[in-house]
Every structure is written in structure tokens, then in C-alpha cells.
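Protein sequence lines correspond, in order, to chains E and X. Yeah, the first sequence ends on 467 if you go by our numbering, and it's all consecutive. Yeah, the second sequence ends on 392 if you go by our numbering, and it's all consecutive.
Don't read these hints as lab results, they were simulated from the structure. Please note that the accuracy of each hint is not assured.
[As the list claims (entries may be wrong)] Label pairs and their in silico Cβ distance ranges: (1) E:P289 - X:P308: 32 to 42 Å; (2) E:S17 - X:E63: 26 to 36 Å; (3) E:S176 - X:K248: 56 to 66 Å; (4) X:R218 - E:A401: 49 to 59 Å.
[Claimed, not checked] Non-contacting residues of chain E with respect to chain X, defined by C-beta distances greater than 10 Å in every case (computed): (5) L205; (6) R222; (7) K347.
From the three backbone atoms N, C-alpha and C, an ideal C-beta is built for every residue, glycine too.
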Amino acid sequence: MAYLERAYQALKNIVGSENISVDPAILWAYSKDSSLQEPKLPDMVIRPSSVEEVSAIVRYVNENQIPLIPSGGRSSLCGAGFSLKGGGIILDLTRMTDVFITEDNMNVEVQAGCTFSKLDYELKQRGLTLGPPGPFSSFSATIGGGLSVNTYSNYGANLYGVPSDKLLSLEVVLPSGQIIHTGSAANPNAEPIFRYCNGPDLAGLFLGSHGTLGIITKASFRVEKRHQTEVHFDPIFDMVESCTQCAIDLTKTRYTGMIMQFSPHFYKQAGLDIRAKGGGLLVNVFGDPDNINHRKQVVCDIIKQYTDMTSESFAPIFNAREYEKYRSWCCVNGRWAEIAGFLPFSKVNEYIAIVDDFLKQNKELVSKTSLIPQYGAIYNQNCVNTFVLLLVYDISQENFAASRELVKELAEMLLDFGLSPYWIGKAYSHAVFSRLASEYVQVYQMIKNLLDPNGIMNPGMFEMEQG
Amino acid sequence: MDEAEIRKQLDLCMGCGYCRDAYGQEGWLQTLKTKHVCPIREVLGFDSYTAKGRLLLGKAILEEELPFTPSAVDIFFRCTLCGNCEAHCISRGLPFVEPDLKVREVIRYFREKIIQEELESPPKLKKLADNIAQHRNVFGEEGDHSHLMPYLKEHPDSISLYFPGCMALFREPQVIKAVDQLAYKLNLDMGCFPEEICCGNILLRTGQVKVARDLVERNFGLFKELKIKKLVTSCPGCLAAFKNEYPKLGFPLDCEVQHISEYLINNPNLQELLMNSNSIKVTYHDPCELGRLNKIYDQPRQLLQAIPALQLIEPFRTRINAWCCGAGAGVQLNYSDLCQKIALDRFNELQESKPDYIVTSCPTCIHCLGQFGKVYDLIELLIELPRSKLIK
Numbered sequence: 001m002a003y004l005e006r007a008y009q010a011l012k013n014i015v016g017s018e019n020i021s022v023d024p025a026i027l028w029a030y031s032k033d034s035s036l037q038e039p040k041l042p043d044m045v046i047r048p049s050s051v052e053e054v055s056a057i058v059r060y061v062n063e064n065q066i067p068l069i070p071s072g073g074r075s076s077l078c079g080a081g082f083s084l085k086g087g088g089i090i091l092d093l094t095r096m097t098d099v100f101i102t103e104d105n106m107n108v109e110v111q112a113g114c115t116f117s118k119l120d121y122e123l124k125q126r127g128l129t130l131g132p133p134g135p136f137s138s139f140s141a142t143i144g145g146g147l148s149v150n151t152y153s154n155y156g157a158n159l160y161g162v163p164s165d166k167l168l169s170l171e172v173v174l175p176s177g178q179i180i181h182t183g184s185a186a187n188p189n190a191e192p193i194f195r196y197c198n199g200p201d202l203a204g205l206f207l208g209s210h211g212t213l214g215i216i217t218k219a220s221f222r223v224e225k226r227h228q229t230e231v232h233f234d235p236i237f238d239m240v241e242s243c244t245q246c247a248i249d250l251t252k253t254r255y256t257g258m259i260m261q262f263s264p265h266f267y268k269q270a271g272l273d274i275r276a277k278g279g280g281l282l283v284n285v286f287g288d289p290d291n292i293n294h295r296k297q298v299v300c301d302i303i304k305q306y307t308d309m310t311s312e313s314f315a316p317i318f319n320a321r322e323y324e325k326y327r328s329w330c331c332v333n334g335r336w337a338e339i340a341g342f343l344p345f346s347k348v349n350e351y352i353a354i355v356d357d358f359l360k361q362n363k364e365l366v367s368k369t370s371l372i373p374q375y376g377a378i379y380n381q382n383c384v385n386t387f388v389l390l391l392v393y394d395i396s397q398e399n400f401a402a403s404r405e406l407v408k409e410l411a412e413m414l415l416d417f418g419l420s421p422y423w424i425g426k427a428y429s430h431a432v433f434s435r436l437a438s439e440y441v442q443v444y445q446m447i448k449n450l451l452d453p454n455g456i457m458n459p460g461m462f463e464m465e466q467g
Numbered sequence: 001m002d003e004a005e006i007r008k009q010l011d012l013c014m015g016c017g018y019c020r021d022a023y024g025q026e027g028w029l030q031t032l033k034t035k036h037v038c039p040i041r042e043v044l045g046f047d048s049y050t051a052k053g054r055l056l057l058g059k060a061i062l063e064e065e066l067p068f069t070p071s072a073v074d075i076f077f078r079c080t081l082c083g084n085c086e087a088h089c090i091s092r093g094l095p096f097v098e099p100d101l102k103v104r105e106v107i108r109y110f111r112e113k114i115i116q117e118e119l120e121s122p123p124k125l126k127k128l129a130d131n132i133a134q135h136r137n138v139f140g141e142e143g144d145h146s147h148l149m150p151y152l153k154e155h156p157d158s159i160s161l162y163f164p165g166c167m168a169l170f171r172e173p174q175v176i177k178a179v180d181q182l183a184y185k186l187n188l189d190m191g192c193f194p195e196e197i198c199c200g201n202i203l204l205r206t207g208q209v210k211v212a213r214d215l216v217e218r219n220f221g222l223f224k225e226l227k228i229k230k231l232v233t234s235c236p237g238c239l240a241a242f243k244n245e246y247p248k249l250g251f252p253l254d255c256e257v258q259h260i261s262e263y264l265i266n267n268p269n270l271q272e273l274l275m276n277s278n279s280i281k282v283t284y285h286d287p288c289e290l291g292r293l294n295k296i297y298d299q300p301r302q303l304l305q306a307i308p309a310l311q312l313i314e315p316f317r318t319r320i321n322a323w324c325c326g327a328g329a330g331v332q333l334n335y336s337d338l339c340q341k342i343a344l345d346r347f348n349e350l351q352e353s354k355p356d357y358i359v360t361s362c363p364t365c366i367h368c369l370g371q372f373g374k375v376y377d378l379i380e381l382l383i384e385l386p387r388s389k390l391i392k
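Just chain E, with the same shape it has in the complex (with noise of 0.2 Å):
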């Protein structure tokens, strides 16, 4: 491919040749992401060091028109990050890992490679948070990787939003290779503070864009100050309207960093054994220890009114970080799909009932598959972000299939229903756009053509098929 040979020796000045290699030994790493897809071969991974190495980079890969595809962590579970289509340019930004915090802003800036653990381990000796430090995988996932999909985080979701709810500025690297700062920093005499300023906001164009639209290299975030303690509660419902309302009410005290709402069927599914006919709640209180004890009170006079019934053996388990781990426990064996996004309070109860009528109707296919459903939803300030696990145990080529059409019908089920899916990625990407308004597809096809006309960025990302 002489084209490979050009590329490599133009972009090799760039990085040097330490950070760059068209090696499919190393390429094979790059392949793919932890999600279902299949794994893809790139034909080289470069790995700059700073914006100016991006901008240069995306020059050169614009004028000569080779696909290039951001890549951090590439821990997705929705098919990100990687070449989709195979060939093109890997950007890997992990090099990219800067901190800078002011505390007398409360503000920090972070480069797009740096990790969610790293920025909240930064930020914790400093007796600060983001709020919410990150998803499921923070341990791996950049930064850059997770506002591109939009990232949730459960652990601090329920008081502080996702992380894109903190967002005040980005730097941006367009198609074209200019560099764009977002927010109040798009006048260069000004500081990275406020996001909506200076006209329209450009940070929401990239966030959730799945790196279609230009390559992140930095964000700024507003910070809190980080509560010193928590306590958990992990009641059982007789009925899912119960368990329901319970959360909502426990949402408006303001007090809660984290609820989630696990199915009836969940703690069986889990391997636990609690019976809770309404299903369960996982409520971490946050506080400080001058305020702990009358929030924790606050908090079980509420579930009170609901419930007399607790999961004790479920606390130590599944306490608030730890419970990422616990998920990720369950599909080690094999793998994993997940289907989430958003819903109304007031659709809760409905959609429970959805899955589990669809688990009872396809209760073959999932016993034959040795796929283990668990479901639930983590409560936000206004409405809740909904998950369903299907872990997949047996890791056979049958099993992925069937289990990957599963999860296509349910998704497709779940969007019918009126789910806001926040990551998208190649593996929802075609029944996601099929629903959109085409109105709202247009919209973006044009800032797409605007910002990359020679469709260079991440393609095959975004199926645009409308229904």
C-alpha cells in the first residue's frame, strides 16, 4: 500500500518513530473494543503528544483523505474507538494524560487521554470530585474516549448529573486541523470558566459525537468539593411501584449521590439469595461528618414509608464503587451486552414490566444461551438512566450470535418505547438513527459535510438510514 508507506514517513516526523507503527503485531491491540463486534485491523497507530501533533496529524490525514479514528481506552460496550470499516489511522491520545487543577477556580483542565481514575485520584488529594468520576471501566476509560460517547457515571449521578453535566470548556482538533476552544475560552485572553458564553455552545457539537466531528484533546471541568464520608441502604420491595417511588422521593432530598434500582428477578440473577417481589434499591447517602447522621436519618424516615425490608448480605457487596466490579465480575466469564439510556421517572414501573415480559417470551433463547439478564435503572435528578445487562456466560460463536440478536431486539423494542440511548456506537448506531427525527439527521449530515467533507472522522460510525 504505497499510500501507507507516504503516510507512515510524513507522519513519523511528526510523532517519531517510537509512536508510530504500521506493525500488525502492535495493530492487533487496536482491534477492537470490549464490546460484541467483531475486531477490525487498522493500518497504523500513531500516538501524539500534544494538540500541535494532532493538528499537524489531521492535516495531513485531511489532505490526503485517510480515515482516522480517535481511540482512548477503548473499554466501550457499544462498539467505539476502533476502525469500524478496518484500515485507516489509529489516533491513540493516551499519551495525552496532563492535570491541571485551580483550586481558586475550582476548575480543572484535563487532557483528553488522561483516565476517569487518574483525574479523580488527582483530584482527591486535593479534597476534590468531579461529582461523578467517571463509567463502569474509569480505571481505562480517557476522558476524551468517554465525553465522545457520552459517558455515564452511576456513582455520584444521582446529585451531580454525568460527566458532560460538568463540563465548562473543550479543545477541540476540527477535520481541517484547526484548534478550537469552546466556552469561555474561545476568546484566547480568557480562562476555561463557563461553558455557555461567547455565543452558541460548540462543546455540545463533540460531546457524544463519537468522534465523527473532530478529536478532543483537552476539556475543563468544574470540581466539588469532595463529601468525607457515606452511608449505604439497601431496602426491598414488595412491589415495583413502591420501590419506584421510593427513589424519586429519596432523589429530591438532594442527599443521595447514587441510587439504583435493581429488577425483582435481580438478586437471583446475581447468585444472591433475596427474595424482593417489587425488587431493590442500592441508596448511597453522601455527606460530611457533621451532617452525615441527619441526612442518614432523612433518608430512612423516607424508605420507611415504603419498605421494612432490607437486603443485609447485598450492601457489602454491591457499596457504591465497588459495585462497577461486581458488574464487570459477572460477565468475566464471558462477555457482555448492555442496553441503557434514558426514561422518565414516570416510565419506570412500565418498563420493567417490558423486559420482564420479553425475558418470559424468549425465556428458551435465554436459557439456551446461558445469558444472564439483570435490570435496573440508576436515578438522576429528572429522570432515570435504564440498564439491561445480558451477560454472556457461554462463550461459544452460537451463543454471541444469538445472543446479539437478542440484543437487537430488545433495543429495538426499548427505542420504540422511547429510550434515549447516551453512547451509541457502531453496535446501536443503525437502530438508534432509524428512529430519529429526520429533521434533527439532516441537521447533522449538514454539520458533518460542513466540518468533513472528506469523511475522514471515524467512519461507518453513525448508520444515518432513516425509518
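Based on the hints, put chain X in the right spot on chain E.
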């Protein structure tokens, strides 16, 4: 493991990337405290050197998507088998999960395959095998080392046999001298065997099982003949060979195998010996094969803490999170630049607390980290301290 088991292992990896980074103090199972995970990846940069990268590569090779190219071979050999990726793997020690993902076993499988298929492997491996075949030690050198062990050599009929290992014999003799002096002072019932031959660990870890098998059989026969009850070593590599590898090859030793720290920990006379030390700060480096592989974390620390006025300061990455010295599994031999960079990183970390002594309990770690400053063997410190006068 056979190919079917390896394929199953490869499928266990979900690609979460925790083998690359696991930043934070509130880590996995509340025990992990680290930043990055793979020392090789931190030097070479590409994710191809993480467990995830190596497993994806292994899968591609087994699926015949890619042949064993020289760089594929290189990726499998550029690994110290330190096991840090396994320690941080999301599959580690969990409920609902049958086996953990055994990354080290998988990498060794591919190394063995490379050697078996006579593909081009790192050139120094051949020299290593030749050295051992001809001279029975990894360095291919000759020498009478009995002068290092005046006490031990006088006790050939002891129930315990001290096995120093090649690195201590040929490169770090102070380790052996210290053990001998301690044995003398404690009047230990321990002897040595002057014609020691290599345990074979380095061969096994570099995929040269066929050559290693000869050593394993010889040592197995020898220990049987000597009728020893206990085999004691200063070298975590030798410990791993005798304890972990020999049984797998069908040669389980019928004697107890112990690291010197395990052997000494319950000696009632030790405390008396350690009466005279000054106030000192010590930091301890966990060798990978002693710690992560054989879970011997406490005994060396207990020995250190038996020294009065000794303040043990743990480095940031310690115990199960300890950063490798960079030497293991043939990396020092074949990729010395890479090894040096890893070792310097670790040495600097060990120095962060400005200790009076950096201590470890592995001759190979001493040899590797010792390029940048004095690193003491645990036993050497026990012997040294009563005689030393520290200048603060």
C-alpha cells in the same frame, strides 16, 4: 495448558484495559494501590504490550489471521512475567468466575510454541540454553564457590539444603556470604551442595522447556539422593521453579521448599542477634516471583520489623502492586535497555522516602536495581546492621 485451554483463556479477556491503567487508591478489592499496570507498556508506549494486546495478538495467531512475525515474537518475549496485569485483571479471585485469567501461562504458551516451532527467537536465548547445557549455570562460567559458604559446606549432612541459585553464585555473592554467616551465628542445621546446577526457571519462563526438563530431572534425582527434608533458597526464581514448576512437569519434590525468609521467621534465636541496631529507615521491594507468584509478602517484612528501631517505609506501589525491577523472564538478558528503564523507575520510587537502606530478597532484583545504587539483600541487612554505624 493445551491449545484448547489457551483459546478459552483468550476468550476470557473482555478487553476492559485494567491491565494498562488502574489509577487510584480505592482499587480493586480494596487492596490495590497503583497507577499504571504494565512496566513494559509504560516504556514502549503501545497497548500491544499490555495483557489485552498480547491476548488479542495471541488470538489472531491461533486464528491464523497473522503468522508469528519477528515483531509478534518480540511482543511475547518482551514481558517480565511480573504478573501485575493478573493482579489487576478484572477476573481476579471473584465469585461466579471459574478460573482467573492466567496471562502469564498464556504468554508462556506462546513462548513455548515459538521455541518448539524453531522460529527466530531472541538470540541470547540460545546462548542461555548453551551456557546451561555446558556449564550448568545461566552465565556459562566456571568457579568454585565453596569459599563463600565456609559454615554451610561443613554441614553436608544437614536436613536442610541451601540453594543459592545462579545469580547469587556468580553475580551477587554477598547474598550467600550473608546466609552463611547467619547460619553460623544461629547454628542452623543447614548445608549446601557444592556442585549445584541451575534450577531451570529461566529456561521454563523463556519457553525452553525441553532443555529445562534435563535440569529438572537431574535436580529431582539429586535432592532425592541427598534425602533432604527442606530446600531453602534466597532466590524467588529458584523457589518458583522447585515449588511451582517441578510439580507441573511431573517432578514434585518430596521435601519442603522455602524461601530463606520463611525458613528464618520462626527461629527463636534470631531476635537476640538483632539487638544492636541503630534507628534506621528501610524500604522493601517485593520481588514478583516471591510476592505476586508465591504470596510471600509478610515474612520478609516480619524479619525486618524484628530489628529494633527499624522503621519500615512502604513504597507507593508495594506488595501485590509492587512495580517489577524489569529483569524477569529473560527481559534483562534480551532487552537490557528496556530492563534498565524499568529498573530506574522502580529505583527512583524506592528512593522517594529517602530510606537508609533499600532492601529486597531476590538476587536478580538486587543485580538489576543495584545498577543505580546499593540494594541490600534481606539477610545481608540482618548481618550488616549489628556491625554498622550509621551516619545520619
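These are the hints, each one checked on the structure:
no., hint, result
1, E:P289 - X:P308: 32 to 42 Å, "holds (38 Å)"
2, E:S17 - X:E63: 26 to 36 Å, "holds (29 Å)"
3, E:S176 - X:K248: 56 to 66 Å, "holds (59 Å)"
4, X:R218 - E:A401: 49 to 59 Å, "holds (52 Å)"
5, L205, "holds (27 Å)"
6, R222, "holds (21 Å)"
7, K347, "holds (31 Å)"
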